[in-house]
Amino acid sequence: MTRTIGPLVVGAAVILAGIGVAGLKLNPYVYFAGYVILQYVVIATAWNILGGYAGYVNFGTPAFFAMGAYTSVFLILSVKAPLPVLILAGGLVAALLGLGIGYLTLRLRGTFFSIATLALAVVLQTVIVNWEFVGGSRGLSIIRPRGAPFGNYVVFLFAVMTAMAVVAVLVARFIERSWIGRGLAALRDNEEAAECMGVPTLRLKLFATTVSGFLLGIAGAPFPYYVTFVDPSSTFALDYAVNALAMPMIGGTTSWLGPVVGAVLLATAQQLATVTISSELNLLIVGVVLVAFVVVAPEGLIGLARRMRGR
Amino acid sequence: MFSWDLLANAVVAGLLLGGFYAAVSLGIGLVFGLLDIANIAQPAFLILGAYAAYVMNESFGADPILIGILFTPVFYLVGAVVYRVYYGSFERRGDEALRGLVFFFGILFILEVSLSLKFGVDYRLVQAPYIGKSFEVAGVGIAFRYLIPCVVGVAMTGLLYLFLGRTFYGRAIMAVSQDQAALRLMGADPIHIKTVAFGVGIAAASLAGALLITIAPVVPSTDRDYIGRMFAITVLGGMGSIGGTLVAGVILGVTESLMSTFFGPSWAPAVSFGILLLVLAVRPAGLFGR
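Protein sequence lines correspond, in order, to chains V and H. Residues in the first sequence are numbered from 693 upward in steps of one, following my numbering. Residues in the second sequence are numbered from 29 upward in steps of one, following my numbering.
Honestly, the hints are just simulated from the structure, not real lab data. Each residue gets a CB set at the ideal place from its N, CA and C atoms; glycine is no exception. Keep in mind that a hint or two might mislead.
To be verified - Among the chain V residues that face chain H by a calculated CB cut under 7 Å, a handful are: (1) Gly698; (2) Val701; (3) Val749; (4) Thr803; (5) Phe804; (6) Ala811; (7) Asn844; (8) Leu937; (9) Gly979; (10) Leu982; (11) Val987.
What the hints assert, rightly or not - Pairwise CB distance ranges (calculated): (12) H:Glu86 with V:Gly712: 53 to 61 Å; (13) V:Gly1002 with H:Ala244: 51 to 59 Å; (14) V:Ala885 with H:Gly116: 26 to 34 Å; (15) V:Met889 with H:Pro245: 53 to 61 Å; (16) H:Phe147 with V:Val859: 37 to 45 Å; (17) H:Pro312 with V:Ser925: 25 to 33 Å; (18) V:Arg998 with H:Asp217: 33 to 41 Å; (19) H:Phe147 with V:Ala961: 19 to 27 Å; (20) H:Trp32 with V:Pro776: 50 to 58 Å; (21) H:Leu145 with V:Val722: 45 to 53 Å; (22) V:Glu972 with H:Pro245: 33 to 41 Å.
Chain H with its partners taken away, still in its complex shape (with noise of 0.2 Å):
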């Protein structure tokens, strides 16, 4: 059942998922793209920043975007400690390959069982104004719920992208990633650079969580979900590049609402992953690696 309506509708749709998941994809794209921190735990965190904003949302009403960017700087300490702890105990004696790996699985674990023992396995949303409504162009629907998330990531990445290229702790994280040895040797010291990254990237998640609860209902099952997505825009784009992400984000959004459209979004999830490993056997630098 194929229609000209139905496809225009799907292409927009998926563009619009492409700029929340370019936001979704910016904290890995920092973490594991630029500081090779293979963090498995990040939509853990992801999921944790939806929760947030679904708690306050519940209690006072505000809007669920604005508490997640309220809420960054708590989860940038988060990260900030999680770095730490990680450091101290892998980073250092060499270990983190295996033991890294698996620390980060531990912690995904934790937080998604801990946020299963708390709130449940019940679906959970947000209210606001603009969820709900819509107008159309032309033929295609354009939700509120949809839009603004999408330009939020758009937002973000813009921002990442001036943060990294314009400011002092931007080109030191762009360096840490290229020569660490040869940072130390400037007279700043590594440790507090990948710190203040992992955090960063941490904060973006949490945000990241806050336009996830907008567009959809959240369980806290559904961080497995995007460990797929995330890795799969992060080397479709190119480690660590922040204009790859974008467009790695809106690659995969259209071809995920794609699929659901014409096949059922019981197919969905596959997409991701098959992406995933396509670019890790085909082209394993991804599209603007390096």
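Bound conformation, chain V alone (with noise of 0.2 Å):
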């Protein structure tokens, strides 16, 4: 029992914590900055849970991100509907798509799908750009609603986001510590030898599309409250697919909190950079470091600190 409560009782901490910094009243740029560097602990996690976990490089994280986001703008123009109903519903749907890229893992493995998540990036992308309703190529600007908690709507996002980081993180470790886990690692090393082994596979990889999807469409959801104008190049941008593979990269993919690391320093090592540097310059950083890691340290920072204490 303790080792299911003891997590539980870390995430209810960090929420709080979360929810105490909130009510400080900091420097603004401080929630702004944060409300980023926590989206992307759940991006990271999220995408870990399949390309970490099950092995299956997925290129289209701008593509679920994008979806929780317009979900939202289309509740938002159409029914004003509140902010929890707007993070379900973009989740679900997100977890849609996840359940379709899902199914394609039948035919598809390896470059093939990660090539044909890539293609659903654009092909959506072209659909919204098409959508005069939410905005089409132009985009579209988003009024917050009046009266938060906190007195400001970022530092209440700033709080949201601190939640459904721990919410992702505790998904992702269940998931992990779990028979879920062993499967996956197993369809990973070996998809034939593990079906053969009495892995339902297809199950499995399904359950890890689809909570993957889930998990990136209500990081998704909040954006449009967030930046208060959405238009599709900055929704389906590049950057999210390349911080996606990133930061588990950099941190490890075998374990929760190689994700959780690789977010938390690349993500405040770009925010630090956009103010200090620019922002092409950064995302230049962010290409080189990648590269340098894959090359140098496939296993990450976790496997690195790991060899370290081997020896």
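Hey, can you piece these two chains together into the complex? The hints should help.
Right under this line is the structure:
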């Protein structure tokens, strides 16, 4: 029992700490940057459930993120739905998309799966660009609801994102420690052998793609209220695809801690670099760090730390 | 608003575009189709070739396609180096599936961001006497800036076909794609052969880049449009089939041209990925697949 309760207590403590930080009324930029870092914790963790545990590389992260964001835009415009409904709906739509790509894995493995996810992102972006109701290619402005808790909407979103990050990490940790994680690891190493040993590979893959999609969707759902202006080029940005890959790769893909470490380090570095250097140069740094890590330290920081302790 | 005139123009434009698309996809057909190396960064080398043509055209006024041909040895060497790094870091460890893919994705991103740091996000174009001129055959306009890349593209396809079928290195590349161990037993070094093939693939992409900037202005992020086109053509044509690449290029060119004529250009990017998803789902071996 203590093994399941322990992490829950830690998670609850982190959420309370988040709410405490939100109540401190620090410099607004802290919340503004903190939101992005926590959003990347969710994205990296979600990507890693499929990419790290199951070994299916998803290049289509922006598609899922944008599904969450545009579901929100649609619901805000049509029925003025409240934030919890937006998050749930965004997650569910992205989860359905995840289920869809899960069925693709029946025929597509390895490279072909990755290219298909990239294809999916471009097809969805084209659909959104041509859909005038949600702003088309020009995008549209979203007005935040009035009267937010903590007196400021970004601070409120910061607290919400803290809770979502905790949920995402707990889900990833649960999957990793349960028979599901062992099944996914088996199919990652050898799908045919796993199937022969009685691992229900299709059901596990569908589970992984759906959960991963759901978490990417909830990360995108509050995005319209955060930026207040949504357009296809910022929502489907290739940056999300690269960061979602780079963060788990830098942290380490085999455990839940890897994406968290990678996301916190890389997103914080990017936030600092955007302010002090330039936003383009910081993307270049992400690319170089990513390539350096896959070449030199394929197990990521967690793997490096383990090797150091082993010696 | 349908008219036969419009249809004829769209089909001819699509056919010309198709020859160019074949040129764009030859390199990835070689690298991915024959060698099974998922080089997602291939479109970035296309754009790099286009910017090389732009810089030389801007400074010396040289013909963009001539520059493209002159630059192929440089890009061949770049490709050979990239393959050596890839081989040493991933293929030798048997780790290419996941991390190799991420490696190439990182290269794509680095090249794109570097180009936008150097040249900004403005559209760049080249000057040549034939750009902007056209002639008319039976009511159908044919622009030289489409016709010449198409002719060069078909010529490149023919040359690559002859290279693979008639020369020692070409036949060795075909052999390495079939059975690497058997080639080693014949006394040839598969890694050397693959380095040559990868270099030729990157050189072909850079020359296609010179054709690209002859057809239309280029920005660093143009590479994203070509990821879909390249892989769609390679998969549709049947992995590694050179003739199939030409046929698939023409199919994609005509479909895109019809789509943008009758539904608007904003739908064109979805065509290639739509075809790709369809082919992967229905017939993953492609039209001329083995």
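Taking the hints in turn, this is what the structure says about them:
Taking 7 Å as the C-beta cut-off, the interface hint given for Gly698 of chain V is violated, the closest approach to chain H being about 32 Å. Violation of the interface hint for Val701 of chain V is found here, the shortest Cβ-Cβ separation to chain H being roughly 35 Å, above the 7 Å cut-off. Annotation: interface hint on Val749 of chain V holds; nearest CB of chain H at approximately 6 Å, less than 7 Å. Annotation: Thr803 of chain V was flagged as interfacial toward chain H, and the flag holds, the nearest CB pair being 4 Å apart, inside 7 Å.
The beta carbon of Phe804 of chain V is positioned within 7 Å of a beta carbon in chain H (closest approach about 6 Å), and the interface hint is therefore held. With a cut of 7 Å, the hint placing Ala811 of chain V at the interface with chain H holds, because the nearest CB-to-CB distance is about 4 Å. Because the beta carbon of Asn844 of chain V sits about 33 Å from the nearest beta carbon in chain H, more than 7 Å, this interface hint is broken. Here the hint on Leu937 of chain V is kept, as its CB sits about 6 Å from the closest CB of chain H, short of 7 Å.
Given the 7 Å rule on beta carbons, the hint for Gly979 of chain V holds: about 4 Å separates it from the nearest Cβ of chain H. Hint status for Leu982 of chain V: holds, given a least beta-carbon distance of 4 Å to chain H, under 7 Å. The interface hint given for Val987 of chain V is met, as the beta carbon of that residue sits about 5 Å from the closest beta carbon of chain H, less than 7 Å. Separation of Glu86 of chain H from Gly712 of chain V is about 58 Å and conforms to the stated range, judged on CB atoms against 53 to 61 Å.
For the hinted restraint 51 to 59 Å between Gly1002 of chain V and Ala244 of chain H, the CB-CB distance of approximately 55 Å keeps it satisfied. One distance hint, 26 to 34 Å for the beta-carbon pair Ala885 of chain V and Gly116 of chain H, holds here, with the actual separation near 28 Å. The hinted range of 53 to 61 Å is satisfied by Met889 of chain V and Pro245 of chain H, whose Cβ atoms lie roughly 56 Å apart. With their beta carbons about 43 Å apart, Phe147 of chain H and Val859 of chain V fall inside the hinted range of 37 to 45 Å.
Taking the beta carbon of each, Pro312 of chain H and Ser925 of chain V are about 32 Å apart, inside 25 to 33 Å as hinted. Checked against the hint of 33 to 41 Å, the pair Arg998 of chain V and Asp217 of chain H passes, with Cβ atoms roughly 37 Å apart. The given range of 19 to 27 Å is respected by Phe147 of chain H and Ala961 of chain V, whose C-beta atoms sit roughly 26 Å from each other. The beta-carbon spacing between Trp32 of chain H and Pro776 of chain V, approximately 56 Å, falls within the hinted interval of 50 to 58 Å.
Restraint check, Leu145 of chain H to Val722 of chain V: a C-beta distance of roughly 29 Å breaks the suggested window 45 to 53 Å. Range check, Glu972 of chain V to Pro245 of chain H: about 20 Å between beta-carbon atoms, so the 33 to 41 Å window is missed.
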